[in-house]
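Make a model of the complete structure from these sequences and hints.
Which chain is which? The protein sequence lines are R and L, in order.
So for the first sequence, my numbering puts the first residue at 1; every next one is plus one.
So for the second sequence, my numbering puts the first residue at 1; every next one is plus one.
Keep in mind that the hints were calculated from the coordinates and are not lab data.
Incorrect hints may appear among the rest.
[Said to hold, decoys possible] Here are the simulated SDA-like pairs of lysine to any residue, each with C-alpha atoms no more than 20 Å apart in a straight line:
id : chain 1 : residue 1 : chain 2 : residue 2
1  : L       : 15        : R       : 37
2  : L       : 126       : L       : 91
3  : L       : 9         : R       : 30
4  : R       : 12        : L       : 124
5  : R       : 23        : L       : 8
6  : L       : 53        : L       : 148
7  : R       : 32        : L       : 78
8  : L       : 170       : R       : 7
9  : R       : 12        : L       : 116
10 : R       : 12        : L       : 105
[As the list claims (entries may be wrong)] Restraint-style ranges between C-beta atoms, simulated for each label pair:
id : chain 1 : residue 1 : chain 2 : residue 2 : range
11 : R       : 72        : L       : 99        : 46 to 56 Å
12 : L       : 120       : R       : 79        : 50 to 60 Å
13 : L       : 83        : R       : 40        : 13 to 23 Å
Cβ atoms here follow ideal geometry from the backbone N, Cα and C, with glycine treated the same way.
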Amino acid sequence: MKKDDLNNELSKIDRITEELITKEDILWQLGKKERQYQRQLIKEVSFFFLIGLILMTGFTISFLKLPILFIVLQIFVLILIPFLVYIENRSNNPIGRWHHE
Amino acid sequence: MSDRLLIDKAKNKNKDAFAELFLRHRDFLYRYLLKLTLNPDLSEDIVQDTMLKSYQNIKKYNGSSSFTSWLITIANRIYFDILRKKKRERNWIKQQQILGQRKLSWQLQQNNDRWSATLESFKELKPDIRAAVLLKHYYGYTYDEIGKLMGVKSGTVKSRVHVGLIQLRKGLLGDEEG
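Structure below.
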């Protein structure tokens, strides 16, 4: 096999015509990707925040013996979970999901 | 407007300038990825991820390499990160690869071309070897440049290209014998 054979075969792929992309398409895709990235970031931060909160609760109960703080933190967690669900629902809105798939 | 000017504007978070700049290089990037991944859908996904990463990090671009080379570096990292994903996702990635190759093969047929034995052997190469062979022999980059693009030493690139060409020859000889 010569180098040219490989290059000729690969150049076939270059000849495949792709649909025309405009600047507006790029801007739209960039906006969509930015929103996806932000949602992902919020989810990840919230997840680590939740883990931290659970650990803090555990330490508080075992070392300081303050059950009232535990209850307060649990209420906070109960607010955080619906918030996460809300974020998840927003990211799965039909238009976004269909397009993503 | 020159690339340099668009880059400067994009560094000031001018989305319009970035879109204009990316549009100029998108086609080259997509075709590079198509040859590397041999999967149209995956290539499109990586192009979009590269677009976001390059937009977010454009301030780090210092102009020491061409903008296209910088995009290829980012795209390579994204592609290899995808391949490194957890074991449970590997089967899914493999299935997508098969579907992607079928799609590419069909697109070639639409252009009156066919999926040849050479392309089949090229597909069988490990992705890091495939990338090295592609950048060296198709795009004509030097070993040093490829090393920078892939984040490895030039000696490693040389060895990957060498191994790749041997495997390609073996693959083709095997096909002829078979």
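Below or equal to 20 Å on CA atoms is what counts here, so check residue 15/L against residue 37/R.
16 Å, holds
Using the beta carbons of residue 120/L and residue 79/R, state whether their distance is inside 50 to 60 Å or not.
At roughly 56 Å between Cβ atoms, residue 79/R and residue 120/L fall inside 50 to 60 Å, so the hint holds.
For the pair supplied as a hint, residue 126/L and residue 91/L, is the alpha-carbon distance within the 20 Å limit?
Judged against 20 Å, a Cα distance of about 16 Å means the pair holds.
Compare the distance between the alpha carbons of residue 9/L and residue 30/R with 20 Å, and conclude whether the hinted pair is satisfied.
16 Å, holds
Please verify whether residue 12/R and residue 105/L have alpha carbons no more than 20 Å apart.
Holds - the C-alpha atoms of residue 105/L and residue 12/R are around 11 Å apart, at most 20 Å.
Given the hint that residue 53/L pairs with residue 148/L, does the C-alpha gap stay at or below 20 Å?
Status holds; Cα separation ~18 Å.
Quick check on a hinted range of 46 to 56 Å for residue 72/R and residue 99/L, using CB atoms only.
With Cβ atoms ~51 Å apart, the hint holds.
Would the hint linking residue 12/R and residue 124/L be met if the CA-CA limit is 20 Å?
It holds: about 18 Å lies between the C-alpha atoms, which stays within 20 Å.
Are the Cα atoms of residue 32/R and residue 78/L separated by 20 Å or less?
With a Cα-Cα distance of about 18 Å, the restraint between residue 32/R and residue 78/L holds, given a limit of 20 Å.
Keeping to a limit of 20 Å between CA atoms, is the pair of residue 170/L and residue 7/R held or broken?
OK: residue 170/L and residue 7/R at ~17 Å, within 20 Å.
Is 13 to 23 Å respected by the C-beta to C-beta distance linking residue 83/L and residue 40/R?
For residue 83/L and residue 40/R the Cβ distance comes to about 20 Å; the hint holds.
Quickly compare the C-alpha distance for residue 23/R and residue 8/L to 20 Å and report which way the hint goes.
Holds, because 18 Å separates the two Cα atoms, which is no more than 20 Å.
The structure fails none of the hints (numbered hints given earlier).
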